[in-house]
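Keeping their order, the protein sequence lines are chains A and B.
Position in the first sequence (first residue = 1) + 4 = this note's numbering.
Position in the second sequence (first residue = 1) + 3 = this note's numbering.
A portion of the hints provided could be inaccurate.
Stated by the list, open to error - Computed spacing ranges between beta-carbons, pair by pair:
{"id": "1", "chain 1": "A", "residue 1": "A105", "chain 2": "B", "residue 2": "S42", "range": "40 to 50 Å"}
{"id": "2", "chain 1": "A", "residue 1": "V262", "chain 2": "B", "residue 2": "G50", "range": "49 to 59 Å"}
{"id": "3", "chain 1": "B", "residue 1": "T64", "chain 2": "A", "residue 2": "V262", "range": "41 to 51 Å"}
{"id": "4", "chain 1": "B", "residue 1": "N36", "chain 2": "A", "residue 2": "Q212", "range": "40 to 50 Å"}
{"id": "5", "chain 1": "A", "residue 1": "A30", "chain 2": "B", "residue 2": "N66", "range": "25 to 35 Å"}
{"id": "6", "chain 1": "B", "residue 1": "P45", "chain 2": "A", "residue 2": "L261", "range": "45 to 55 Å"}
To be verified - Not the full set, but computed from the structure, chain A residues with beta-carbon under 10 Å of chain B:
{"id": "7", "residue": "L64"}
{"id": "8", "residue": "T65"}
{"id": "9", "residue": "N89"}
{"id": "10", "residue": "G90"}
{"id": "11", "residue": "V94"}
{"id": "12", "residue": "N130"}
{"id": "13", "residue": "S194"}
{"id": "14", "residue": "K260"}
{"id": "15", "residue": "N264"}
FYI, nobody ran anything at the bench for these hints, they're computed from the structure.
In this text the structure is predicted, and so the values were computed from the model without any measurement.
Ideal placement from N, C-alpha and C gives every residue a C-beta, glycine not left out.
The lines below spell out each chain.
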Amino acid sequence: MNTSTFRLRPTLAAIALLAITCGAQAQTTIDQNKALAGSVTPGDSPGFPVTLSVPGAYKLTGNLVVPAGTGGIVIAARNVTLDLNGFSIVGPVVCTGAGKALTCAGVKQGGGIGFYTGMSGATIRNGTVRGFGFYGVAADQGATINNVTATSNGGYGIAVNGGSTVSNSMANDNGDVGFLLFSGGVITNSRAHNNKSYGIFVDDGESQGHAGMAGEVRDTYASRNGDAGFKAYGIYPVSWIGNTASTNGDCFSGGKLVRNNVCDGVAN
Amino acid sequence: MNSSLTRIVFGAIALIAVSAGSNVLAQATIDQNRAVNGSVTPGDAPGFPITLSQRGSYKLTGNLVVPAATGAILVTASDVSIDLNGFTITGANTCSGYGATVACTNTGSAAGIEAAAGVTDVQVRNGTVEGFEKAGLWLNQRSTVDRVKSRFNDGYAIVVRADSSVGNSWVERNGGGVYSEGGLVFDTIASGNRVSGIVVSVPADGALLRNNVATHNGIYGLFGSANHTTFMDNQANKNTNGNIKRNPNISPLLPGNVCNGGAC
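Let's have the full structure, built from the sequences with the hints guiding it.
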């Protein structure tokens with residue numbers, strides 16, 4: 005992991021310089037043909053993943069169909085806004101089964117939307133990420149995820165780093181946790197169904213040397229996940245507000261039940 | 004276990020670039036002319052219903068006016084997103100009356116937007132669907148309905164199956180309002196429907212109804228017949244047979260619900 009990070013530094017320094025030189029860019033569209041052709045941004049090789057190395061706005065204008073074992077899009081700049089525009093990024097992995105018995109067939113690597121360390125402030129919205137071996141969507145600190153569905157991925161559905169916000173989104177039938185808030189953040193109005201592990205997992209990050217941050221999950225519904233619907237881990241406070249857990253491996257594990265939470269029909 | 008996994012996710016993520024096969028569908032726009040001409044997607048015959056046979060994103064660029072006894076859009080592929088873009092889909096069915104007295108002309112058995120059997124993960128947002136017999140929207144599992152107004156349908160305005168979300172919508176003067184088999188229903192207004200305003204029914208096992216308003220519906224305002232239906236911060240007023248009907252043993256009525264201006 006550290007080796008990869010160091011290897012990226014010269015590239016990212018060049019990207020940062022380029023961004024400063026070029027200034028603002030118009031919204032860039034992405035479709036399958038552009039992905040295959042490469043050069044969506046400087047340094048983007050032909051094929052997948054599509055590398056977004058310049059801050060700015062990007063919009064899908066078609067589905068992306070991604071081969072096994074690779075990723076769909078990687079965010080390699082700060083403050084990237086990616087509008088999936090109702091389209092899907094689709095890998096070949098298929099997950100079947102219920103709760104803890106869920107299994108995923110396919111190559112166990114590649115993420116639908118990933119990032120390079122430090123590429124904070126991403127906004128990802130309005131679409132579906134399905135069928136990746138590793139995870140559906142991952143974003144670094146200060147990310148905003150809205151109206152995104154992550155389904156049938158071999159690992160996490162949607163994972164975000166410190167201080168991020170996830171809203172109006174769904175994670176279902178993934179091979180690990182549905183939503184992961186790492187180092188705090190907020191989830192609202194979202195759904196986690198039939199993920200193999202926890203529906204929502206909030207880790208304060210403290211145990212891994214990150215700045216510990218509080219988390220909050222509200223008005224969210226978790227059902228039929230293999231482990232707890234709502235799980236908090238760490239020493240920083242995690243608040244559960246107005247959530248409903250139904251027929252998961254457990255309801256709420258850790259964190260503070262602030263108000264209006266329901267576990268299998270019983271108010272908590 | 005959890006620590007090691009989170010460490011993996013939040014390290015630098017190296018991804019290998021390889022080329023991929025092509026299966027391209029650009030965003031399709033839909034208007035009356037395109038509907039009449041057909042071929043919006045492969046297999047779409049001229050006229051209605053428009054068949055959406057490929058996953059992807061579709062956007063209305065004009066109103067659709069649909070002849071009697073047919074639907075407007077038939078979705079035959081999963082992962083379809085339909086942006087009504089502020090436009091209206093109008094069928095031939097008309098309804099008069101309000102609440103228990105709603106009566107419709109009922110000339111057929113079609114839905115405005117219907118997902119075929121087995122088709123899931125359909126999203127519909129930002130517009131109006133009115134004047135159909137079976138339903139305004141008839142969708143399956145893991146559907147999302149957002150900012151949709153649906154009225155004058157003889158059946159329910161919005162039907163969704165398990166793990167779906169209906170939000171920020173308005174259903175008025177239909178046979179019924181919202182019928183869900185589980186998931187979220189929030190920030191939605193159901194008024195003057197012939198039967199109930201918002202229903203969560205079996206086989207659902209769990210749902211969250213939050214911050215909805217149900218008034219003057221002919222049977223119940225909010226009706227949870229399924230296990231584990233949570234009622235939170237809703238308002239229900241002047242519904243004929245009861246404002247909130249639930250199974251009291253397994254569906255909690257949380258503080259914040261208001262019925263006829265007082266406690267429920």
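Okay, the hints, checked on the actual structure:
no.	hint	in the structure
1	A105/A / S42/B: 40 to 50 Å	43 Å, holds
2	V262/A / G50/B: 49 to 59 Å	54 Å, holds
3	T64/B / V262/A: 41 to 51 Å	45 Å, holds
4	N36/B / Q212/A: 40 to 50 Å	57 Å, violated
5	A30/A / N66/B: 25 to 35 Å	31 Å, holds
6	P45/B / L261/A: 45 to 55 Å	51 Å, holds
7	L64	8 Å, holds
8	T65	5 Å, holds
9	N89	5 Å, holds
10	G90	3 Å, holds
11	V94	8 Å, holds
12	N130	8 Å, holds
13	S194	9 Å, holds
14	K260	17 Å, violated
15	N264	5 Å, holds
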